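Chemist: Put chain B on the given structure of chain U with help from the hints.
There are 2 protein chains.
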Amino acid sequence: MQPRLGNLQRLFAPRSVAVVGASAASEKVGHQALVSLRNFSGAVYPVHPKGGEILGRTAYPSLTAVGKPIDMVLFAIPAATITAAVEEAIRCGCGGGVIVSGGFAETGDKGIAAQERIRALCTESGFRVLGPNTSGFFNNSVGLVASFAPGIDQIRPGHIGVIAQSGGINVITGFLINRFGYGVSCGIGLGNAVDIDAADALEYLADDEGTRAIALHLEGVRHGRKLYETMRRVTPRKPVVVLAVGREDIGDFAQSHTGNLIGSYALKATALRQAGAVLVESTEELAAAAAVLSLSRLAPKRAPGIGIVVGQAGAGLVILDRLKSAGVSVPTLNETTVVRIAKLLPPMTYIKNPVDTGRPGSTFGEVIAAVASDSEVDAIVAFAINEPAAVRVEDVLPRAKQSIGKPMVFGTVGPESAIRPTLAALQRHQLHVADSPERLAHAGIVLAQDAAAQWRLRQSVSSVSIPNANAIAENLDEYKAKQVLRSIGIAVPNSVVCESRDQALAALRSLKRPVVAKILSSEIAHKSDVGGVHTNLADEDALKRALDAIDMIPLNGARRYLIEEMAPPGLEVIIGAIRDPSFGPTVMVGVGGTIAEAIRDTAIRLAPLSLSQALEMLSELRAAALLDGWRGSAKVDRDALAESIVRVATLLEQNPQVTEIEINPLRVYARGVLALDALIV
Amino acid sequence: MQPRLGNLQRLFAPRSVAVVGASAASEKVGHQALVSLRNFSGAVYPVHPKGGEILGRTAYPSLTAVGKPIDMVLFAIPAATITAAVEEAIRCGCGGGVIVSGGFAETGDKGIAAQERIRALCTESGFRVLGPNTSGFFNNSVGLVASFAPGIDQIRPGHIGVIAQSGGINVITGFLINRFGYGVSCGIGLGNAVDIDAADALEYLADDEGTRAIALHLEGVRHGRKLYETMRRVTPRKPVVVLAVGREDIGDFAQSHTGNLIGSYALKATALRQAGAVLVESTEELAAAAAVLSLSRLAPKRAPGIGIVVGQAGAGLVILDRLKSAGVSVPTLNETTVVRIAKLLPPMTYIKNPVDTGRPGSTFGEVIAAVASDSEVDAIVAFAINEPAAVRVEDVLPRAKQSIGKPMVFGTVGPESAIRPTLAALQRHQLHVADSPERLAHAGIVLAQDAAAQWRLRQSVSSVSIPNANAIAENLDEYKAKQVLRSIGIAVPNSVVCESRDQALAALRSLKRPVVAKILSSEIAHKSDVGGVHTNLADEDALKRALDAIDMIPLNGARRYLIEEMAPPGLEVIIGAIRDPSFGPTVMVGVGGTIAEAIRDTAIRLAPLSLSQALEMLSELRAAALLDGWRGSAKVDRDALAESIVRVATLLEQNPQVTEIEINPLRVYARGVLALDALIV
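Chains as they are written, first to last, in the numbering used here: chain U, 1 to 681; chain B, 1 to 681.
Extracted from the complex, chain U is given alone in its bound form (with noise of 0.2 Å):
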């Protein structure tokens, strides 16, 4: 085992841990540390320079006066003297610690040195840092609470794993685990991150045996590219389930708080979802969704289809609305399922899916069964308002359960006093309860997102060929960046370079006519703003006029022409890849022209991507119906555009000196793609 990865271990679920500033006076956090360590199962060393006795315990004076390698360090100690405690431990052969203290990196230029540093001392020992500034971790399976957030040591044990760059919302996700009748493995307050960051919290996660989902909640992201990584490895083990929060400028106020810089949401989402995450929207969702997929989950599946069945049908319409605003699939039952439906319910209820089964009665469960065995339904919601009169759910849903072999989830909703023991008993079936119509429809998507992440994550990434590295030098010009994509087969306008007006008049007689005159000269940025672009010149004459105008463009270096055949009428797309600086090699699309500018309509992806990827994010467009055939216009080729994306992600990503390209417009015909401007930097 790595040596790094190793020590990651220890600090999580150590078998000693020193406490460094212990103390017996009950403010200091010192004294918290010691009690809250009362319940660990294994070795605990208190550290104070006056040794004797401490709550109980021999006190050290020094961390190497213990003359053991202990697996934890918690450092009960201020910033100012954190370093040299950390290079001691390290001397000491310990495997990690816990810097609680804040005065860091959210405090300015004097606390990111001072974290440097230890993010320095870190690399070179392999020693691991949790923090600093923040709350701390709790390990349930070895009884471990190393944290002075508030009621920490309150929240119950489960199997749901919890990630949280802010102390705080660990714990309230904890609560909130607990609220939905689960438990918390363990929870991970992650802080500044000096050292060890999301995806090695995840690592661990992922090879803790108690748990069995994780809940990951993101501000900054600072090394995005080793999250996706990671990320990408751990959810086909197990369901990761984030809350990224950042959506608006909120950049202020969160770097003051954990001196991360909150990035692009779009950005953070959208590979975190190509990661295999399923993503949510608040603490509750993160909470629930978390619930949900550690009981179960669907096999990897493109649109996995949801059956639904309601004892009302006002929520069963809360529920399919719910449902389509996500996307998900809710396919209408086979005839035969219907028929079978049909014999179980009185008429006048819809049974087509949802199935109304009107005031739910003793056919509740027989009606879920008839659904299940749907081939078009991978999952069952159910909902009924809590009448025990009419069926009792305790006895019918975990018979149901247990006949259909597909997942379901129930939700109910009545008074607390009489659903909170029914809960607690469908609970002890491993059935998910939703005490809402919209919490239960959640419970859906959650579980129909994780099949379908799951299903694109086994789609294998394209392989194109593409030129040779070397190939591409700095500063290529537009042939130049042109000819490099037809290498990687985008389909460019035949052209010619020409150094003179001669070749100019050459090169049209033997292009096919109308043709374009553009300028070609490394000084000039933006060709049409200083009219070096002329567009379907089909004769000499008009060739001629051209160039003058051309020739008048004020330049120092040599002047060029580039003579292109002209492209027929198309829909023009933009395609750009950039080296995103946490997340790395990412592709974009969006439509040409001002409006779709104006309303940044793109979609993104990190490279390298699958084609089936790429198609998504032409269907992920705003005005993704212009591809289809808009007003009359033909329908484009999705295909090819969408192998344009994969091309362009690759080029960028397997060449590291290329640091941006942009082809725009793209223009994309009935059949085929043509590029008509290429940039690589």
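Some hints here could point you the wrong way.
One-sided excerpt, in silico: chain U residues whose CB lies under 10 Å from chain B [what the hints assert, rightly or not]:
(1) 142
(2) 155
(3) 157
(4) 169
(5) 176
(6) 223
(7) 243
(8) 342
(9) 344
(10) 348
(11) 418
(12) 421
(13) 593
(14) 619
(15) 620
Partner residues are not named here, just some residues of chain U that face chain B (Cβ under 8 Å, in silico) [as the list claims (entries may be wrong)]:
(16) 168
(17) 245
(18) 390
(19) 665
Read the hints as simulated data drawn from the structure, not as lab findings.
Predicted model, so just to flag it, every value in this text is computed and none were measured.
Note that CB positions come from ideal geometry on N, CA and C, so glycine has one too.
Modeler: Using the frame of chain U, we list chain B on its own:
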């Protein structure tokens, strides 16, 4: 009092109730009806053809036999016999009735006919009917349960009125209101709403003394304009929260449910907001928002400022993100406030708003008071994880609330056993407590949205001078339509209608060049498509060529030309106005162009509207950035554009014979607008 309104009150708050179809057989609806009336404070008359005694009450062979005009009749009989029973009730002078039975519009043509007959009876007589196909209603002020919805008699009383199109949602919302620690005054399930619809129920609850806030659930809206007008009258008196189902196309199932087609969600939502309602997304939000507003409302204000005080920064980020996403103002605190807060808190916390107290302590209440004292702050949103050892919120917050004199909502999370008593204690002090950071944020959003909606409602609807209605004849051609626009203050290009080529050439001499030549004929719907529009004509030759082309267009009737000064380039928008079958006169604005159309980037309002509402429409456009000088182009004249919207809306609203108006495009400049094409039907 109008008989219909009087009968509405007799029905919902009756002093006497008859059960037609009362039965001694316990499985019968007529039996359950009598049982559910056991706590009713008024007189109860069972009606059954055989008379006798039922459940200890004397039964009458018919309504007529009772010999008194009963306030409310519960029809517990099959659909086929209802019409005759209603006729008898009318003859007896009864106030109204509840028809629980299904089998009406939701089942097809025959059911629709029966419903129409009942509707006609109601209109003629003033008798009021709730239903059919409803689970009924309950009114706690008279101890009345006129419903068979499961568990409905277990919903605790309080001050929130509930109106739900679906009986199931009526019950669900009631239980959710209870879950949040509040109660229901009156809960009404509308069902097929043959007579009493959402507007009538609103009207009743607006006058009901026991109701302080109203929660309304809607599926389809048949009489949109009536609902809109009623809502406008009600919301200034009592807050109304609306959950409108049907974002997605769920019409098939919806129609089977209450026989209502679900119309355009966007129009429904816009109309309700415009009428002062607060829109929410789920039954839980419906219950919670009504709860918040039943305790306090902010004074009407365009953009009320929210002060955020948190014990945990992570929760603060979540709350801030939510408020900003909802467009709610979170103002930076004044310098004096910041200085005051700084004295109360340890250094290193963020105190500009949100205010992060760090672990909350004894100063928590004082910090809240300091934030509330800021002139920019209209309401306080405070959050802290349950930590009684640090701060006893049940002592601190009621004191703070009293001292600040501004609305406050609080949120907390913790072990259920610990927070329940805290919640109860705070609720006794009329302090709303949310149980997650996001629910707390939503409470703040609801307060702000309600105040903003009431501010908008108080903006006077602009009056614009409009032409004599008689001047608008049928089939206005483009020229006449433009003259109408000019007469209501919307500029159009100078133009001349020409019967001959000579007139056209003369027109060229009289107008500013270049000009546009268009065909003018009611036979041509899309001028451009047939080559009927020629732009940029600077001289006689060009005009002649254009006239040649126009003369090639095959026509049956007379051929005329419209010669018009060509408008300078500018941003193109579309203004449209139609009469919606449900909501009546409605105005729409969108940016011109294929892409804007493909993404349906439009904003809508009911007519008439105020100038500030029209300006708000512009801000709602996704492409709003284009209005503000996109990429170096000039900032356009938003005021002139908004005024044009108001004028078009007023024109439609005040001229009943006009069914549709479209200006496409309207060109918008740095100063002023020009309508380039116009259609008035």
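Chemist: Hint by hint, say whether it matches the structure.
Modeler: For each hint, the structure was consulted:
no.: 1; hint: 142; in the structure: violated (22 Å)
no.: 2; hint: 155; in the structure: holds (8 Å)
no.: 3; hint: 157; in the structure: violated (13 Å)
no.: 4; hint: 169; in the structure: holds (4 Å)
no.: 5; hint: 176; in the structure: holds (7 Å)
no.: 6; hint: 223; in the structure: violated (20 Å)
no.: 7; hint: 243; in the structure: holds (8 Å)
no.: 8; hint: 342; in the structure: violated (14 Å)
no.: 9; hint: 344; in the structure: violated (17 Å)
no.: 10; hint: 348; in the structure: holds (6 Å)
no.: 11; hint: 418; in the structure: holds (7 Å)
no.: 12; hint: 421; in the structure: violated (15 Å)
no.: 13; hint: 593; in the structure: holds (6 Å)
no.: 14; hint: 619; in the structure: violated (14 Å)
no.: 15; hint: 620; in the structure: violated (12 Å)
no.: 16; hint: 168; in the structure: holds (3 Å)
no.: 17; hint: 245; in the structure: holds (5 Å)
no.: 18; hint: 390; in the structure: holds (7 Å)
no.: 19; hint: 665; in the structure: violated (13 Å)
Checked against the numbered hints given earlier, this structure breaks hints 1, 3, 6, 8, 9, 12, 14, 15 and 19; the rest are met.
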